[in-house]
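A.B. asks: As a plain string of letters, each chain reads:
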Amino acid sequence: MNFIDVNSVVKQYDGHLALDHVDLHVPQGAIYGLLGPNGAGKTSLIRIINRITRADSGTVLLNGREMVQDDIANIGYLPEERGLYKKIKVADEIVYLARLKGMPKPLAVSEMEKWLERFDLTEWRNRKVEELSKGMQQKVQFITTVIHRPQLLIFDEPFSGFDPVNAEQLKREIIQLRDEGSTILFSTHNMASVEEICEQITLINHSRVVLEGKVADIKQQHKKNLFVVNVAGEENVVSKEGLFEVVPNDEVNGTLIKLANGATLHDAIAHLNEHHTLIGIAEKMPSMNEIFIETVQGNA
Amino acid sequence: MTVVGKKSFIIMTILIPFLLILLLFVPIMMKYINDKTDSSEMRIAVVDKSHNYGGAFKDNEKYRFELMSGDSMDKTYDIYKKASGRVDAIMVIPEDVLERQQVDLFSEKTLDEATMMYLNQCLTDTLSKAKIASFQDPDLADKIAQSQVNAVIKSKKWNENGEEQEQSTTIASIIGMVLAFLTYTFVLSYGAMIMNSVVEEKTNRIVEVIVSSCKPMELMMGKIIGVGLVGLTQFAIWVVLIGIAMGVMGFMGVGGDVSSSPEAMGMNMPETESTMASMMSAFASINWLSLLGNFVIYFIGGYLLYASLFAGFGSAVDQASDSSQFTMPIILIMMVALYAGIGCMSNPNGPMAVWCSIIPFTSPVVMMVRLPFDVPWWQLLLSIVLLFATALLCIWISARIYRTGILLYGKKRSFKEIVTWIR
Numbered sequence: 001m002n003f004i005d006v007n008s009v010v011k012q013y014d015g016h017l018a019l020d021h022v023d024l025h026v027p028q029g030a031i032y033g034l035l036g037p038n039g040a041g042k043t044s045l046i047r048i049i050n051r052i053t054r055a056d057s058g059t060v061l062l063n064g065r066e067m068v069q070d071d072i073a074n075i076g077y078l079p080e081e082r083g084l085y086k087k088i089k090v091a092d093e094i095v096y097l098a099r100l101k102g103m104p105k106p107l108a109v110s111e112m113e114k115w116l117e118r119f120d121l122t123e124w125r126n127r128k129v130e131e132l133s134k135g136m137q138q139k140v141q142f143i144t145t146v147i148h149r150p151q152l153l154i155f156d157e158p159f160s161g162f163d164p165v166n167a168e169q170l171k172r173e174i175i176q177l178r179d180e181g182s183t184i185l186f187s188t189h190n191m192a193s194v195e196e197i198c199e200q201i202t203l204i205n206h207s208r209v210v211l212e213g214k215v216a217d218i219k220q221q222h223k224k225n226l227f228v229v230n231v232a233g234e235e236n237v238v239s240k241e242g243l244f245e246v247v248p249n250d251e252v253n254g255t256l257i258k259l260a261n262g263a264t265l266h267d268a269i270a271h272l273n274e275h276h277t278l279i280g281i282a283e284k285m286p287s288m289n290e291i292f293i294e295t296v297q298g299n300a
Numbered sequence: 301m302t303v304v305g306k307k308s309f310i311i312m313t314i315l316i317p318f319l320l321i322l323l324l325f326v327p328i329m330m331k332y333i334n335d336k337t338d339s340s341e342m343r344i345a346v347v348d349k350s351h352n353y354g355g356a357f358k359d360n361e362k363y364r365f366e367l368m369s370g371d372s373m374d375k376t377y378d379i380y381k382k383a384s385g386r387v388d389a390i391m392v393i394p395e396d397v398l399e400r401q402q403v404d405l406f407s408e409k410t411l412d413e414a415t416m417m418y419l420n421q422c423l424t425d426t427l428s429k430a431k432i433a434s435f436q437d438p439d440l441a442d443k444i445a446q447s448q449v450n451a452v453i454k455s456k457k458w459n460e461n462g463e464e465q466e467q468s469t470t471i472a473s474i475i476g477m478v479l480a481f482l483t484y485t486f487v488l489s490y491g492a493m494i495m496n497s498v499v500e501e502k503t504n505r506i507v508e509v510i511v512s513s514c515k516p517m518e519l520m521m522g523k524i525i526g527v528g529l530v531g532l533t534q535f536a537i538w539v540v541l542i543g544i545a546m547g548v549m550g551f552m553g554v555g556g557d558v559s560s561s562p563e564a565m566g567m568n569m570p571e572t573e574s575t576m577a578s579m580m581s582a583f584a585s586i587n588w589l590s591l592l593g594n595f596v597i598y599f600i601g602g603y604l605l606y607a608s609l610f611a612g613f614g615s616a617v618d619q620a621s622d623s624s625q626f627t628m629p630i631i632l633i634m635m636v637a638l639y640a641g642i643g644c645m646s647n648p649n650g651p652m653a654v655w656c657s658i659i660p661f662t663s664p665v666v667m668m669v670r671l672p673f674d675v676p677w678w679q680l681l682l683s684i685v686l687l688f689a690t691a692l693l694c695i696w697i698s699a700r701i702y703r704t705g706i707l708l709y710g711k712k713r714s715f716k717e718i719v720t721w722i723r
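One line per chain: the protein sequences are A and B, in this order. Here the working numbering is used: position 64 in the first sequence is 64, and no number is missing along the way. Here the working numbering is used: position 314 in the second sequence is 614, and no number is missing along the way.
Take these hints with a grain of salt, some might be off.
[To be verified] Restraint-style ranges between C-beta atoms, simulated for each label pair:
#, chain 1, residue 1, chain 2, residue 2, range
1, B, Pro629, A, Lys105, 21 to 29 Å
2, A, Asp23, B, Val685, 45 to 53 Å
3, A, Met285, B, Phe715, 39 to 47 Å
4, A, Gln69, B, Ile597, 50 to 58 Å
5, B, Ala689, A, Gln69, 39 to 47 Å
6, A, Asp5, B, Val539, 52 to 60 Å
7, B, Val685, A, Glu180, 52 to 60 Å
8, A, Lys128, B, Leu592, 54 to 62 Å
9, A, Asp70, B, Trp538, 36 to 44 Å
In case anyone wonders, no lab produced these hints; they're calculated from the structure. C-beta atoms are modelled at their ideal positions from N, C-alpha and C, and glycine is treated no differently.
Start from the sequences and build out the full structure, keeping to the hints where you can.
C.D. replies: Below you can see the structure in the form of C-alpha cells.
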C-alpha cells in the first residue's frame, strides 16, 4: 500500500516547466529518497505534496484518496531553508508551531518536554531562539517538525548544518520515527546519507523522473562487472584479453578488474588462481554518488 | 503575534495618553519656567527729543528705562559706547512722534519679540491718550471706551427634540482633525507593522513552515485581523485613560489652568471662564457615540484596505530595505488624504470634501473631518459601502500577490511582474 501517490503532476512557473508529468510512489512506512541536482524540481514537488502550491495538472493521493486541506495537519515539513521566529523563547516557539498543527496546548507542552530532554535542550527552553547556536536552532526546528507525530514527514536536506555527532543522532531519530509508523520523504543531494537510510529513491532531473526504484535494485542495474581482486605476493594482476582488463584505480584496496563481455566470473577466478594466489575477490557495487552523477550527466 | 508581547509596546500603549496630556502642559510649563528663570533686566536708554513722551515707558521687573535729554546728542552709537555695559539698547523718540507714530530703537543685538511688543504697547497707549486729549473733549475717552465692541456669534443647533444646544465650529474642526490624524497615523503605523511582520517572516524563512500548516490567505488575514484588534484595543485603552485623566484634572481644578493658557501665551482672549463654559457645552453638543462609532467603522475599513496592500506588497520584497519602492505610493495616497482632510476643514460640506469623503482611498481620513459637521446619511452610507467593497477587493488582490510572493526569493520585483501574480 502506497502512502503517497503522485500521478503525472505538472507545474509551470511563468514559462518555466518545473515538473513534467512526475510520478512518485512512496510506500507506507518507508524512508524514501527524493534526489536530484539543484533546481531539478524537488522543492516544487514537495510544495505540491504539502499543499503550499497547487499542481497545474495531475493528482496527489494520500493513503489512496485525494488529499484535502486538513491532511496537512498530518504532515511534518522541514524546509531546506530553515526558519524560526528569532525573538521568542524556544518553548513558546515549539508550542506555537505545534498548536498551528492542531495540537492541544497541554499535549504540545508535554511532548515538547520529552523532545527537549532528548536533544539536551531542556535548559535552553526559556532562552530566545536567536541566542542558540546554529546546531541547536536546527534541533529546535526538527522538534517543531515532528512534535505532532505526523504520519508523513518531509525532510528537505535534513543533515545540512549538523555536525557528524548530531547528524548521527538525527539519523537515529529519523529511523525511530519510521519504526513508530511514520512515512518519511527525504529530499537531498547528499548521497552518503541516501545509501545509509533510504530504501527507495526517485531521481529527478530537469523536471522529470529519470530513475526510480529500490536502492539495491538500482545498484544492480548500474553495476559494471567490476571486481576488486586481492592476490598474495608482490606480483601485479595483468589484463587478460577476452576475460578481463585491469582498471587503474586508487580508491580500492587491491586491483580493480572489469570482466569482458561474455566472460564469466568463474573463468576469471580460474585464470587468477592459475597465475596468482587469490586471497579475495568481491564485486564492486557502484555508489549512489556515481549513479547520481552518471545519470544526471548522461541525462543532461 | 510577537509584537504585542514586547515590553516596549505595552509601555507605549500606557504611556502615550500621558504623553499627550503632557504635551498640553509643556507650553504652559515652559512659559512659567521661562518667566521665573529669566531674571535678566533689559536696560534701555531713552533719548527723548520730544521732551514729552519719555515717560511713556514704565519700568517693571524686566525693563528699566533711563531717560536722557536729547538735544546735546551727537550720534547714538557714541552714547551707546559711552554708556557701554550700562544699557542694552537706545531708543530715540523724535520731536514729531505724535504725527509720525514711530520711534527708533538701536541695539547691537537683535531684540526679542516680547520686548518689541512691550515697547509698542507702551507707546501706542500713550500716543492714543495724547491724541484723544488733543481733541479737547473731556467725554471723548469715555465715549471711545464705550464704543469698543467685541461681537460674539453664539452658534446653536437643534437636536432631535428641537432643543437648542450650543455648538462650536472650532471645536468641531479640532475634533475632526484629531480623528483624521488618528486614522492617518493608526493606519500607517499598523500597516507598516504588518509589512514588517510579513517581510520578517519571509526573510527568516519561517513562512514556509507556517504555510505548510495553514493557507497563505489564513496567515495573511490572521495577521491583519490580529494587528487590527491590537490597534482597536490600544485605542480603547487610550480613550479610557484620557477620559480618566481628564476627569481627574477637572476634579483637581487643573482644567482652569488649561483654559487660561491662551492668555498665558500672550493671546488676548477675554472671559476665559465663559469660553471654557461654552467649550464644555460645545463638547457636550457633539454626538460622541455616533462619532466614535463612525470612527471605528472607518478605521476598520481604511485599515483593512491599507493593511492588505501593505501585506501584499510586503510579500513581494526580500528585505525591509527594499520595501520603499512599494510603500512610497501607499504613503503618498495617505498623505493626499491627510492634506485633503486639512483642506476640507474650512468647508466640510463643499464639493472637494464630499468627493474625497466618498472615494475609498481618502474617505477614512477625510470623512473624519466631516463627521462633526453632520454628514448627510446617504453620503455616509455610500462612502462606507464603497470603502468596504474596495477593502474586500484589495484583500482579494493582496491575497493573490501574497500567495505567490512569500515563497519567491531573489530578485527585486517590479509592479508589472506583481500584476501578473494576481491572475
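A.B. asks: Does each hint hold? Answer for all of them.
C.D. replies: Verification of the supplied hints:
1. Hint check: Pro629/B to Lys105/A, Cβ distance near 42 Å, so the stated range 21 to 29 Å is violated.
2. With their beta carbons about 51 Å apart, Asp23/A and Val685/B fall inside the hinted range of 45 to 53 Å.
3. One distance hint, 39 to 47 Å for the beta-carbon pair Met285/A and Phe715/B, is violated here, with the actual separation near 56 Å.
4. The given range of 50 to 58 Å is broken by Gln69/A and Ile597/B, whose C-beta atoms sit roughly 33 Å from each other.
5. For the hinted restraint 39 to 47 Å between Ala689/B and Gln69/A, the CB-CB distance of approximately 28 Å leaves it violated.
6. With their beta carbons about 58 Å apart, Asp5/A and Val539/B fall inside the hinted range of 52 to 60 Å.
7. Remark: the range hint 52 to 60 Å for Val685/B to Glu180/A is upheld by a beta-carbon distance near 56 Å.
8. Judged by the Cβ atoms, the range 54 to 62 Å given for Lys128/A and Leu592/B is violated: they are separated by roughly 39 Å.
9. Between Asp70/A and Trp538/B the beta carbon distance is about 41 Å. The supplied range of 36 to 44 Å therefore holds.
In this structure, the earlier hints numbered 1, 3, 4, 5 and 8 are contradicted, and the remaining ones agree with it.
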